[in-house]
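Chemist: Below are the chains, spelled out letter by letter.
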Amino acid sequence: MINFEYAKARDVADAVRQIADDPEARFIAGGTNLVDLMKYDVERPMRLIDITHLPLKTVEETANGGLRIGALVPNSDLAYHPLVEKRYPLLSSAILAGASQQLRNMASTGGNLMQRTRCFYFYDVATPCNKREPGSGCSAINGINRINAILGTSEACIATHPSDMCVALAALEAKVHVLGPAGERVIAFSDFHRLPGDTPEIDTNLKADEIITAIEIPPQGFAANYSYLKIRDRLSYAFALVSVAAALGLEGGRIKEARLALGGVAHKPWRKPEAEAALRGQPAKSDAFAQAAEILLRGAKGFAHNAFKIDLARRAILRTLTQAANGTPQIQSSKKIR
Amino acid sequence: MDEPTSRSRLRPEAISKPRQLTVTLHVNGEQRTLALAPWTTLLDALRDRLHLTGTKKGCDHGQCGACTVLVDGRRVNACLTLAVMKDGARITTIEGLAADGALHPLQQAFIEHDAFQCGYCTPGQICSAAGLLAEGKAKTADEIRELMSGNICRCGAYPNIVAAIQQAMGAMGGKS
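These protein sequence lines map, in sequence, to chains A and B.
Quick note on our numbering: the first sequence kicks off at 263 and runs consecutively.
Quick note on our numbering: the second sequence kicks off at 146 and runs consecutively.
Isolated chain A, as found in the complex:
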């Protein structure tokens, strides 16, 4: 780790002023990803701005019946929050599928959105990586790419976004509230993370001088028919090879509303409105599920070690939609897939 300056932000406006004054600085909250990356010399901030004292730690109901989650609410507190457990169990389940309880105790809601990829080559500073050093090349495309993306890749980068929580937030159509020198703005969750394209070094559409203040989730929580299924190389405490967040609104055996998002397969949580549209109005049965999977995975491209993910994802989508339709969601502490 290189030497760095340490400063505390006094309030949210002070945090914005400090980051705007110093583009080399980074905010630090839980630190679970940033400190790790600093130890590997991947992140080399000259200055850390400690935002853990800011008043962004509450979960509040919004006027329209949704939820506003402060950016500094720890992942574990959010997963176990009574309103989240009751009304947004998909979010609770996805959070508990990720990391370990120690890390969930440390990691913040906003920081979860900002975590970097777990691509081996991004972490290994001895190898080329366009995300770490733009223009240096991608080592994963012809390297060990079992954990890499199959959708939305570019010739510059095949990294995935590692979050579980974000897959659920994408499915729930969350909104990201951010503050910058020009004031507040709200970013739709699907517009927050980016595909790699020619600029894989830019993970999100958050500007360098902005801070996430809150995540808002709309009223519809799909608490009756949902499931989060995570497939990985060991049964706990591992990143997803493929994960699926499924949420259905059912009426008389037919699908009235559907949400479907994938993790572990792309540079951002992977959703397609067409796949969800194909489910609406259909009986909640495997024919419709297969059609949705087909649409969601259209254009998938495997590499030397991860082509298996395409079939794995298709089957995981069918299984997760079936779990959601039956009202038998995957329980994260149970290692049997129902």
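Source of the hints: derived by calculation from the structure; they are not laboratory data.
This one's a predicted model, so the numbers in the text were calculated from it and none came from an experiment.
Every residue gets a Cβ at the ideal spot worked out from N, C-alpha and C, and that includes glycine.
If a hint is listed, it holds; no wrong ones were tucked in.
Pairs of lysine-lysine residues, derived as DSSO-like cross-links and limited to a Cα-Cα distance of at most 30 Å, are as follows:
(1) A:547 - A:518
(2) A:319 - A:270
(3) A:319 - B:282
(4) B:284 - A:598
(5) A:301 - B:162
(6) A:563 - A:597
(7) A:270 - A:469
(8) B:162 - A:270
(9) B:202 - B:162
(10) A:518 - A:348
(11) A:469 - A:437
(12) A:534 - A:469
(13) B:282 - A:348
(14) A:437 - A:319
(15) A:534 - A:518
(16) A:348 - A:547
(17) B:284 - A:348
(18) A:437 - A:518
(19) A:547 - A:597
(20) A:597 - B:284
(21) B:202 - B:282
(22) A:598 - A:534
(23) A:319 - B:284
(24) B:282 - A:597
(25) A:270 - B:202
(26) A:598 - A:348
(27) A:534 - A:563
(28) B:282 - A:598
(29) A:270 - A:437
(30) A:301 - B:202
(31) A:547 - A:563
(32) A:597 - A:534
What follows is a list of derived Cβ distance ranges for each label pair:
(33) A:543 - B:217: 47 to 53 Å
(34) B:279 - A:308: 35 to 41 Å
(35) B:247 - A:593: 36 to 42 Å
(36) A:444 - B:169: 37 to 43 Å
(37) A:446 - B:256: 53 to 59 Å
(38) A:347 - B:163: 40 to 46 Å
(39) A:345 - B:286: 28 to 34 Å
(40) B:162 - A:446: 37 to 43 Å
Place chain B on chain A using the hints.
Modeler: Frame of chain A, contents of chain B only:
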């Protein structure tokens, strides 16, 4: 030192002597004030400055759980925690669990169930289990396994670790 190459990724301005900050930690009930560089992790402050070497450095990257301690009653990875960010916090390490010379019920249960072999992961396992009991979310063996998955035991003592935690959970009525 030679001119840094781009591969070394060091910047000349980054090589100045680190500024020291004053940090007060309440460790196992004692107030300890230290002058620390910002990059000092809580793990290194505990082991190298306070000589509390019960907390172990395993991977140093948040992947093994050997460094688990309780900060304000919650289990965290000390290796990914910057000590300067915990100014004023209450820290409990494995050295602070026993009260009045009596082993903590988890320590006693780990001995009774032979819940270790080499013992290197054990302080982290026990502190993590203390956090788990305080959280009160794990009831079944499956739930204990899932919520203890952040603690790796390379000797493979997992069945006995689960049994020890179940015993302590019963003895303590789920309270830490």
